[in-house]
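Kindly produce the complete structure, drawing on both the sequences and the hints.
Number of protein chains: 2
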Amino acid sequence: MNQNLLWIEKLKFNEQGLIPAIAQDYRDGTVLMMAWMNYESIKKTLSTGEAHYWSRSRSQLWHKGATSGHIQKVKELFYDCDGDTILLKVDQIGDIACHTGARSCFFNAVQIYPQSNFLNSYSCSKRGQ
Amino acid sequence: MNQNLLWIEKLKFNEQGLIPAIAQDYRDGTVLMMAWMNYESIKKTLSTGEAHYWSRSRSQLWHKGATSGHIQKVKELFYDCDGDTILLKVDQIGDIACHTGARSCFFNAVQIYPQSNFLNSYSCSKRGQ
Chain A
1 MNQNLLWIEK LKFNEQGLIP AIAQDYRDGT VLMMAWMNYE SIKKTLSTGE AHYWSRSRSQ
61 LWHKGATSGH IQKVKELFYD CDGDTILLKV DQIGDIACHT GARSCFFNAV QIYPQSNFLN
121 SYSCSKRGQ
Chain B
1 MNQNLLWIEK LKFNEQGLIP AIAQDYRDGT VLMMAWMNYE SIKKTLSTGE AHYWSRSRSQ
61 LWHKGATSGH IQKVKELFYD CDGDTILLKV DQIGDIACHT GARSCFFNAV QIYPQSNFLN
121 SYSCSKRGQ
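Protein chains in written order, with UniProt numbering: chain A, 1 to 129; chain B, 1 to 129.
Some clues are possibly wrong.
[To be verified] The list that follows gives simulated cross-link-like pairs (lysine-lysine, DSS-like), each with its CA atoms no further than 30 Å apart: (1) A:K43 <-> A:K75; (2) B:K44 <-> A:K12; (3) B:K75 <-> A:K75.
Simulated from the structure, these hints should not be mistaken for lab results.
Below is the structure:
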């Protein structure tokens, strides 16, 4: 095996042979999306310099942006301390990562209710039942 | 049910009842770690304003930083377009997210070999076998 690929052997793929991969804009740090990679998609990403994932819905290698043109040129690639997640810092072509046309897939914001606010709203809801 | 928690019903938990959660520094966008949440840990995170995960190794609710002091105060919480990943923007107390003492868990950088460089290094390796 190519010595340069030995690090892949350290990764902890799940029972489907997949590992989560976070794509982050290399310019401003925006988290763009999270998808899944397998061994083949990691090798393709390294050899082409463009993000390849494994499409769980289509059960096939997915060259991100092959159809839309919104490819991701990989500037840096990291794996985490326990080898079960990958982080890609990418140049997102078209500045659109999401299939909805949004820049980032993370556009659904949720309100946080620390301490008493949460309990109050929960109590109100319970009383309203 | 509290109307404020209805969004959780939209999430796609995996067969273990878990969903990946990315923690990102809310100040400079550094991706700090990726861990897993279940329904209970999401509710705890919302009610306390501090990140709670599900520890897969210990099979228990994990209040991040309860032992080390490196808690994560959640500033913003998002879920993605298809409801299968969460993003937390956090104030990382102590500026250390990783159990190794590193700021971020993503400290292992991998070299990328686009196009001919990759093929050349692969060929060299093959020849050396």
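Hints versus structure:
For the proposed pair K43 (chain A) and K75 (chain A), the alpha carbon gap of about 15 Å is at most 30 Å, so the pair holds. With a C-alpha separation of about 28 Å, the suggested pairing of K44 (chain B) with K12 (chain A) holds against the 30 Å cut-off. For the given pair, K75 (chain B) sits about 28 Å from K75 (chain A) by alpha-carbon distance, which is consistent with the 30 Å threshold.
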